[in-house]
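Student: This is what each chain is made of:
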Amino acid sequence: MAQKADANCAEIFEMLSRYLDLDLPPQACRMLEEHLAGCSPCVAFVASLRGTVELCRHFKASEMPGPLRDDARRQLLDAYTKALAAKTARARSGGSGF
Amino acid sequence: MDRQHEIELARRLIAGDMQPFEEFVEHFRASIFQYSYLTCRQREDAEDIAQETLLKAFESFDQLREPERIRPWIFRIAKNACLMRRRKSIFAPERELSLDELMPERNGDGAHMQLQIADWSNLPDAPLLRKELGEVLADAVAELPDKYRSVILLRDMQELSTAETAEILEIGEDTVKTRLHRARLALRRKLDEKLRSEGTANAAEDGKN
Ligand SMILES: [Zn+2]
Chain A
42 MAQKADANCA EIFEMLSRYL DLDLPPQACR MLEEHLAGCS PCVAFVASLR
92 GTVELCRHFK ASEMPGPLRD DARRQLLDAY TKALAAKTAR ARSGGSGF
Chain B
3 MDRQHEIELA RRLIAGDMQP FEEFVEHFRA SIFQYSYLTC RQREDAEDIA
53 QETLLKAFES FDQLREPERI RPWIFRIAKN ACLMRRRKSI FAPERELSLD
103 ELMPERNGDG AHMQLQIADW SNLPDAPLLR KELGEVLADA VAELPDKYRS
153 VILLRDMQEL STAETAEILE IGEDTVKTRL HRARLALRRK LDEKLRSEGT
203 ANAAEDGKN
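Chains as they are written, first to last, in the numbering used here: chain A, 42 to 139; chain B, 3 to 211.
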């Protein structure tokens, strides 16, 4: 009995991210869940992996960028308005470009 | 900010409505900064990359036809900007992470797997611990070999899809999945070590009282 559990633990180990991402084929998913129902170490392991993903999703860097400088903002706004103008010019000339 | 709102801002900007400009810039500037800061761990570089990326994005804004693509589009530019100015591997040498080395430690004779795992169940109620774990996480991400780090940054931290990540990194979707799993396992291990050391510290304190 113990040996069977061990083999299955290793087998499901590589499928766990796809399990968490709901990306496993139904049959593999069923097999995995059957294993989890009888293996508390794997349940704890899945919880720790799920916790890791959750920490990544909610990660906020302690470092944040400083305020955007005025010249940098102007640079971005210029680029944006130029691109808009180019688009409008193209639309006027019938979309053919030049 | 959710993806839908972000797309709405892009849609309006594409249509020539300049009102969401500030919000759009602030939002993406923070995301790109976080992405590049975790890659290079240099504030100035991360700020430069954020500016460079936004500038490139706005310069070719007239080519963006589908606002739905705004996030992968921006992060493709950010990825290239990071590559361009990357200082030769300050941190991790390029190497493979094998599943074997990421298996949790076992106790016993191998007949049955006794895992050494911390208790992750009360994480949500411990803001201070979460903050500390955030620092462990940032260091652990920086230490990952490039090809694993780029996947976890895009998939789990920027929440791009498998397909979008594959496109940005120019690799197959199966490769994204394999690398993502290994990256998560590597981060899990670092976080678990931290939690276990906290657990031991608590237990030691309890013993004293
Ligand atoms: Zn198991």
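A few of these clues could be false.
Here are the simulated lysine to aspartate or glutamate pairs, DMTMM-like style, with alpha carbons at most 25 angstroms apart [as the list claims (entries may be wrong)]:
{"#": "1", "chain 1": "B", "residue 1": "Lys149", "chain 2": "B", "residue 2": "Asp121"}
{"#": "2", "chain 1": "B", "residue 1": "Lys179", "chain 2": "B", "residue 2": "Glu145"}
{"#": "3", "chain 1": "B", "residue 1": "Lys149", "chain 2": "A", "residue 2": "Glu75"}
{"#": "4", "chain 1": "A", "residue 1": "Lys123", "chain 2": "B", "residue 2": "Glu10"}
{"#": "5", "chain 1": "A", "residue 1": "Lys101", "chain 2": "B", "residue 2": "Glu10"}
{"#": "6", "chain 1": "B", "residue 1": "Lys149", "chain 2": "A", "residue 2": "Asp64"}
{"#": "7", "chain 1": "A", "residue 1": "Lys101", "chain 2": "B", "residue 2": "Asp64"}
{"#": "8", "chain 1": "A", "residue 1": "Lys101", "chain 2": "B", "residue 2": "Asp19"}
{"#": "9", "chain 1": "A", "residue 1": "Lys101", "chain 2": "B", "residue 2": "Glu200"}
{"#": "10", "chain 1": "B", "residue 1": "Lys192", "chain 2": "B", "residue 2": "Asp121"}
{"#": "11", "chain 1": "B", "residue 1": "Lys179", "chain 2": "B", "residue 2": "Glu46"}
{"#": "12", "chain 1": "B", "residue 1": "Lys196", "chain 2": "A", "residue 2": "Glu75"}
{"#": "13", "chain 1": "A", "residue 1": "Lys101", "chain 2": "B", "residue 2": "Glu28"}
{"#": "14", "chain 1": "A", "residue 1": "Lys101", "chain 2": "B", "residue 2": "Asp141"}
{"#": "15", "chain 1": "A", "residue 1": "Lys128", "chain 2": "B", "residue 2": "Glu70"}
{"#": "16", "chain 1": "B", "residue 1": "Lys58", "chain 2": "A", "residue 2": "Glu52"}
{"#": "17", "chain 1": "A", "residue 1": "Lys101", "chain 2": "B", "residue 2": "Asp4"}
{"#": "18", "chain 1": "B", "residue 1": "Lys179", "chain 2": "A", "residue 2": "Glu55"}
{"#": "19", "chain 1": "A", "residue 1": "Lys123", "chain 2": "B", "residue 2": "Glu161"}
{"#": "20", "chain 1": "B", "residue 1": "Lys179", "chain 2": "B", "residue 2": "Asp141"}
{"#": "21", "chain 1": "A", "residue 1": "Lys101", "chain 2": "B", "residue 2": "Glu134"}
{"#": "22", "chain 1": "B", "residue 1": "Lys179", "chain 2": "A", "residue 2": "Glu75"}
{"#": "23", "chain 1": "A", "residue 1": "Lys101", "chain 2": "B", "residue 2": "Glu161"}
{"#": "24", "chain 1": "B", "residue 1": "Lys179", "chain 2": "A", "residue 2": "Glu52"}
{"#": "25", "chain 1": "A", "residue 1": "Lys128", "chain 2": "B", "residue 2": "Glu98"}
{"#": "26", "chain 1": "A", "residue 1": "Lys123", "chain 2": "B", "residue 2": "Asp121"}
{"#": "27", "chain 1": "A", "residue 1": "Lys128", "chain 2": "B", "residue 2": "Glu161"}
{"#": "28", "chain 1": "A", "residue 1": "Lys101", "chain 2": "B", "residue 2": "Glu61"}
Stretch by stretch, here's where chain B covers chain A in the computed footprint (C-beta under 8 angstroms, at least three residues) [said to hold, decoys possible]:
{"#": "29", "region": "65-77"}
{"#": "30", "region": "93-99"}
{"#": "31", "region": "103-109"}
{"#": "32", "region": "115-121"}
{"#": "33", "region": "126-134"}
Don't read these hints as lab results, they were simulated from the structure.
Heads up, the beta-carbon is just placed ideally off N, CA and C, and yes, glycines get one too.
Student: Do three or more residues of the region 115-121 of chain A come closer than 8 angstroms to chain B, measuring C-beta to C-beta?
Tutor: Coverage by chain B holds for the region 115-121 of chain A (5 residues, Cβ < 8 angstroms).
Student: Just to be careful, I want the Cα atoms of Lys196 (chain B) and Glu75 (chain A) compared with a cutoff of 25 angstroms; is the pair within it?
Tutor: violated, 30 angstroms
Student: Keeping to a limit of 25 angstroms between CA atoms, is the pair of Lys149 (chain B) and Asp64 (chain A) held or broken?
Tutor: holds, 22 angstroms
Student: Are the Cα atoms of Lys123 (chain A) and Asp121 (chain B) separated by 25 angstroms or less?
Tutor: violated, 55 angstroms
Student: Is the hinted pair Lys101 (chain A) and Asp4 (chain B) satisfied, with a Cα-Cα distance of at most 25 angstroms?
Tutor: Satisfied, since the Cα-Cα distance of roughly 15 angstroms is no more than 25 angstroms.
Student: Is the hinted pair Lys101 (chain A) and Asp141 (chain B) satisfied, with a Cα-Cα distance of at most 25 angstroms?
Tutor: Since the Cα atoms of Lys101 (chain A) and Asp141 (chain B) sit roughly 13 angstroms apart, the hinted pair holds (cutoff 25 angstroms).
Student: Quick one, are Lys101 (chain A) and Glu61 (chain B) close enough, alpha carbons at most 25 angstroms?
Tutor: Given pair Lys101 (chain A), Glu61 (chain B) is violated - Cα atoms ~29 angstroms apart, limit 25 angstroms.
Student: Is Lys179 (chain B) close enough to Asp141 (chain B), meaning Cα to Cα at most 25 angstroms?
Tutor: Judged against 25 angstroms, a Cα distance of about 22 angstroms means the pair holds.
Student: Take the C-alpha atoms of Lys149 (chain B) and Asp121 (chain B), compute the straight-line distance between them, and say whether it is at most 25 angstroms.
Tutor: violated, 30 angstroms
Student: Could you grab the alpha-carbon distance between Lys149 (chain B) and Glu75 (chain A) and see if it respects the 25 angstroms cut-off?
Tutor: Distance ~33 angstroms between Lys149 (chain B) and Glu75 (chain A) Cα, so the pair is violated.
Student: For a C-alpha distance cap of 25 angstroms, please report whether Lys101 (chain A) and Glu200 (chain B) respect it.
Tutor: Given pair Lys101 (chain A), Glu200 (chain B) holds - Cα atoms ~21 angstroms apart, limit 25 angstroms.
Student: Mind checking the alpha carbons of Lys123 (chain A) and Glu10 (chain B) for me, to see if they're no more than 25 angstroms apart?
Tutor: The hint holds at about 21 angstroms.
In this structure, the hints that do not hold are numbers 1, 3, 7, 8, 11, 12, 16, 19, 25, 26, 27, 28, 29, in rising order.
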